Amino acid sequence: MTDPRPDDLARMFQDLTEAEVWFRDELTLFIPREHIPDALTRAREHGFILLTDLTAVDRHPQEPRFEVVYLLTSPAPPARLRLTVRLPGAEPVLPSAVAVFPAANWLEREVFDMFGIRFPGHPDLKRILMPDDWEGHPLRKDFPLVEEPVEFVGHVPKPPSAIIPKTPPRQA
Amino acid sequence: MNELTRETIVLNMGPHHPSTHGVLRLIVELEGEVIIRTEPVIGYLHTGFEKEMETRTYHQNIVFPPRIEYLATMIEEHAYVLAVEKLLGIRAPRRAEVIRVILAELSRIASHLIWLGTSAVDVNVTSLLMYCFNDRERIMDLLEMVSGQRMMHGYMRIGGLQWDLPEGFVERVRGVIDDVPRRLDEYEGLLTDNLIWRERTEGVAVLTRDDALRYGCTGPIGRGSGLSYDVRKAFPYGGYEEYDFDVPLGVAGDAYARYLVRLEEMRQSCRIIRQALDRLEPGPVLVDDRKVALPPRRELVRSMEAVIHQFKLVSEGIHPPAGEVYSAVESPRGEKGYFIVSDGSNRPVRVRVRAPSFTNLQALPVMIFRNTVADVVVAIASIDIVLGDVDR
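Chains as they are written, first to last, in our numbering: chain A, 1 to 172; chain Y, 1001 to 1392.
Since the hints were derived computationally from the structure, they do not count as laboratory data. Model, not experiment: these values are computed from the prediction. Please note that a few of the clues may not be correct.
Partial list, derived from the structure: chain A residues whose beta carbon lies under 10 Å from chain Y [unchecked claim]:
#  : residue
1  : 41
2  : 42
3  : 53
4  : 65
5  : 67
6  : 103
7  : 104
8  : 112
9  : 113
10 : 121
11 : 122
12 : 127
13 : 128
14 : 129
15 : 152
16 : 166
Lysine-lysine pairs mimicking DSSO-like chemistry, simulated, CA-CA at most 27 Å apart [to be verified]:
#  : chain 1 : residue 1 : chain 2 : residue 2
17 : A       : 141       : Y       : 1051
18 : A       : 141       : A       : 126
19 : Y       : 1051      : Y       : 1291
20 : Y       : 1051      : A       : 158
21 : Y       : 1291      : Y       : 1312
22 : Y       : 1312      : Y       : 1051
23 : Y       : 1051      : A       : 166
24 : A       : 166       : Y       : 1312
25 : Y       : 1291      : A       : 166
26 : Y       : 1051      : A       : 126
27 : A       : 158       : A       : 141
Glycine included, C-beta positions come from ideal geometry on N, C-alpha and C.
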C-alpha cells in the first residue's frame, strides 16, 4: 500500500483518531467507536469510495477483545486506508456503516455471524454463512474447533491434529 | 381480476440449480414475470477456511487458497504467498516473480474460458462448452507440468517457488498462447454478433457505475460498468509494474459488456505472458533466507547450521513479526485480498480472505431488479461467481 500522501491522510482524521500505526507502508488509524460513522463519511468524501473489506479480529483473552477493521480504497489516485475500532468483549456493539457504504450490508452480517458483534442501524442483521439455528460464533477464539459428533457408539470428537504446536510470540 | 393482478409470487431458485454453478439459493419475488425483489441465500459451501488457517502454520496454509477458489488456482496461491511475504518484508527472486506472473495469467485465461463456456451453455449455446474446456485443458496440462497437479498445485512457496520450471515448458506455453487468441476469434465469431446471444445479454443485468462503487464491485463487473480499477495497475504486485498491458473498460454495464471485457482480458493476458517469457532469465527461484525458506539439499550434508535451520523450519515454521498486512491481487473475479494478523508466533491470529465473489454477488439484487426470471440465469453467469469463494 504505497500512499502518495501519507501525511495528509493522518492529518485528515486527526481529530477522530486515538492512535495511528505504520507497518509495511500501510497506515492503520484507530478510531473510537462513536466516531466511526463520521470517519467513514469523511473518508468517502476524500476519494475512498470503495469499501473493500470489513472484518473483525478476536484478540481473546486480551481486552479490548475485538477489533473491527474497515479497509477503504481510492481507485484514483490509488490509495488505501485502514480504520480499526477496538471493542470490549462484554459489549461488542458498533454503529452500522450500511448508510454510508451499502457494501457493508453483507460484510456486517458476516462479522455478526462469525464474531457476534452487533451493528445497530443495520437493515437486516441475521446470520449469513452459518445456519440460522446455529449456536455460537465460529471465529471467536473461545469457539472450539473439533470434529462434528456422529452417532457411533463410543465416538469422542477430537480436536484437529496439532502436529506443529503453537510457539510463543517472538521478538523481532 | 384486480386482486389477481396485484398479487406477487415468491419463487425459490436453487440451492441446486444448474445455472448457479454451485449451491446458491435465490428467493425471488415476481410481479408477473418481472422481478421486484431478490434475496440471495448463501453459506451452503461454508467450510470454515478462515478458522482452519488460524490453527496451522503459514507454510501449511498454502494448501487452502486454491481450495477456496478452484478455478484460478495459481492466482489464489499467488495472493496468499504475497501477503505472507509482505508480512515478512521479503520479496521473491526475480525469476520466481516472472514465473508467478506467467502461471497467474495462464490461470486467468483458464478461468475465463470456463466462464465463457458455461455461461454460453446457460443461454443454450451448447456447442461452445467443449471447445472452451478443450483449450482450458491445455492450460491445465501446463500447470500440471510445473506442479504435478492440475488444480490444487501447492507450487508457490513463501519467498519463491517449490522448484524451477521443467524442460520444454516455455516452448509449450508459447504454443498455447499463440493458439488462444486465434481460438478466441473463432468464439467471438460464434457469439459477438450472434443475434440470440446479443438479445439475451444486451441490456440485461445492468449495473451502473455508481451502484458498482456503492457495492464495492471489482473485476470484470466493475470494469464492465466503467469503473476503472484493476489491482495490477492501481497497486502493482509481484512485478506487474514492468508489464505493458491495457485494462479493458465497458460502458453499458450489462452482461454483454462484461463478456467483451473478459474476452479482451484473455488477450491481454496472452500479451503479458509473451512479455514475461522474454524476461525469463536463469536464477534462483527461492529466496536465500534461512528463516523463511528451506536450505538447499546439498548444504544439509556439509553444514550443521543448515540442518538446524531445516529442523526449525519443519518443526516450528516461519515466525513473522507481529503486525497486520493487507495484500491483494487481481483475480478473474475481482480484487482478491488477504488480511493477515500476526502476533509473532508461528501461526496467524487471523487470516481474512477478501473474496471478490462475495461482494460482487451482493449487487445481484440491484442488477436483476425489474428484469425477467429468464434473465436471472444470465445475470448469475455474468457475475462469474465461485461459490467456494463466496462461502469460504
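Fill in: Which numbered hints fail
Hint check: 1, 2, 4, 8, 10, 11 and 15 fail, others pass.
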